[in-house]
Every structure is written in structure tokens, then in C-alpha cells.
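Undergrad: Here are the chains, one letter per residue:
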Amino acid sequence: KQEVTQIPAALSVPEGENLVLNCSFTDSAIYNLQWFRQDPGKGLTSLLLIQSSQREQTSGRLNASLDKSSGRSTLYIAASQPGDSATYLCAVRTNDYKLSFGAGTTVTVRA
Amino acid sequence: GAGVSQSPSNKVTEKGKDVELRCDPISGHTALYWYRQRLGQGLEFLIYFQGNSAPDKSGLPSDRFSAERTGESVSTLTIQRTQQEDSAVYLCASSPPGLVTYNEQFFGPGTRLTVL
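Taken in sequence, the protein lines are chains F and L.
Going by this note's numbering, the residue at position 83 of the first sequence is 83; the numbering climbs one at a time, nothing skipped.
Going by this note's numbering, the residue at position 7 of the second sequence is 7; the numbering climbs one at a time, nothing skipped.
These aren't lab readings, by the way, just hints derived from the structure by calculation.
Computed from a prediction, not measured in an experiment: that's the story for all the values here.
Don't take every hint at face value.
To be verified - Heads up, simulated DSS-like pairs for lysine-lysine below, C-alpha to C-alpha not over 27 angstroms straight-line:
| # | chain 1 | residue 1 | chain 2 | residue 2 |
| --- | --- | --- | --- | --- |
| 1 | F | LYS68 | F | LYS1 |
| 2 | F | LYS68 | L | LYS17 |
| 3 | L | LYS17 | F | LYS42 |
| 4 | L | LYS15 | F | LYS68 |
| 5 | L | LYS57 | L | LYS11 |
| 6 | L | LYS57 | F | LYS1 |
| 7 | L | LYS15 | L | LYS57 |
| 8 | L | LYS11 | F | LYS68 |
All chains, full assembly: derive it from the sequences and hints.
TA: Structural data, given as C-alpha cells:
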């Protein structure tokens with residue numbers, strides 16, 4: 001059974017600092033990995049999707065890396081802003097149809 | 001374009017009542033998924049539809065839970081004889097045609113269910 005762990009559980013940084021969020025998974029036989037953002041009381045917004053053959057994906061200030069062999073992914077958010085405050089979820093797709101989610105990292109960016 | 005929509009956004013019910021939760025996927029999306037997020041916990045997979053068929057119902061927690069999809073569009077998740085442990089946010093997602101294991105899932109805003 002795929003287990004997904006996100007560290008840290010919570011993170012508070014001053015505005016302008018770079019954010020580093022970690023995700024690890026136990027089964028390296030994945031099809032892809034997806035990073036999501038969840039705002040309080042809202043659904044999930046997809047940020048980046050990395051296929052298993054890829055090493056990284058970038059979108060604006062966001063960059064996500066994937067090391068499938070070691071079961072790790074890292075999401076980098078450059079020059080954080082208060083609007084980046086949210087919970088960030090990592091999810092992996094294994095040899096079936098469902099996503100296995102981590103518990104998330106709650107980020108607070110202080111103005 | 002329009003995203004995934006869910007209704008109602010909030011539902012409060014009494015223990016023992018039945019509830020129906022609705023999901024409207026993005027137009028043209030053939031795959032549809034239901035997940036549950038209980039307070040302080042990660043998302044749990046419930047069921048997956050490809051078209052109107054459900055090849056994977058492995059996540060449904062008990063026989064009180066059922067789901068259907070019609071017209072390769074709207075889906076309804078039904079919970080019979082609700083229990084307090086059913087309280088959660090129920091999220092629906094859809095993905096476009098193609099090899100489903102590679103496709104991105106797009107999520108709706110969720111339905112917050114509270115069972116008193």
C-alpha cells in the first residue's frame with residue numbers, strides 16, 4: 001500500500017523567503033505525482049503534475065522536482081507572498097486509478 | 001471554462017437520514033472520482049467512474065455508500081442511514097479522455113457534510 005508523507009506539517013515564513021515543501025512515498029512504481037493547493041473551505045487547485053519520466057516541472061514561481069528512485073518530491077516556491085498561505089498537498093498515482101494523498105503542509109506567509 | 005461543480009456546498013443532517021451529493025464534472029471529461037476528507041486527515045479515495053461504469057469501488061467504506069453516474073456526466077453519491085463518522089468534506093474530481101493513469105485530476109469545491 002502506498003504511503004505518502006509530507007514534512008513539515010506546518011511552516012511559517014516572512015514574506016519574500018523561499019519555501020521548500022517535502023513529499024516522500026514508499027512505492028516508487030508511480031505513474032505521476034501531483035501537487036495541489038487547498039484554501040480553507042475550498043476544493044483543491046492543481047499546481048503541477050510531474051509524469052514519472054520527468055525530473056521537474058516549473059510554473060511561474062513554482063518548481064517541483066521528482067526523484068522516483070528515492071521516493072521523493074520537493075516543491076519550491078520562490079519569493080513567497082501572503083497569498084501563498086494555504087495547505088499544500090502532494091498526491092501520487094500508482095498502478096491503479098486513485099491518487100494517494102499526503103496529509104499536507106500548512107503554510108503561513110507573514111507580511 | 002466551467003470547472004467541476006458540486007452541490008450542495010454544505011449539508012447538515014441528522015443521524016440515520018439519507019443524503020445525496022451531486023457532482024457535475026467538466027464537460028467532456030470521461031473519468032470521475034469521489035474522495036473524502038475527514039477533519040485533520042488526508043483525502044481518501046472512494047470510487048472511480050470511467051464513463052458510466054465504476055471499475056473501482058474499493059474505497060467505499062460500507063454498503064451504506066453508493067454512487068452512480070448517468071449520461072457520462074453528472075454523478076450522485078448517496079449515503080444511507082448516515083452516521084456521525086460520515087461527517088467530512090466530499091470532493092469530486094474529473095479528468096479528460098486519454099490514458100487515465102497519466103491524466104491530471106481537476107477537483108470541485110467539495111460538499112461539507114455534517115451529521116448531528
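Undergrad: Of all the hints numbered above, which does this structure not satisfy? Sort the numbers upward.
TA: 2, 4 and 8
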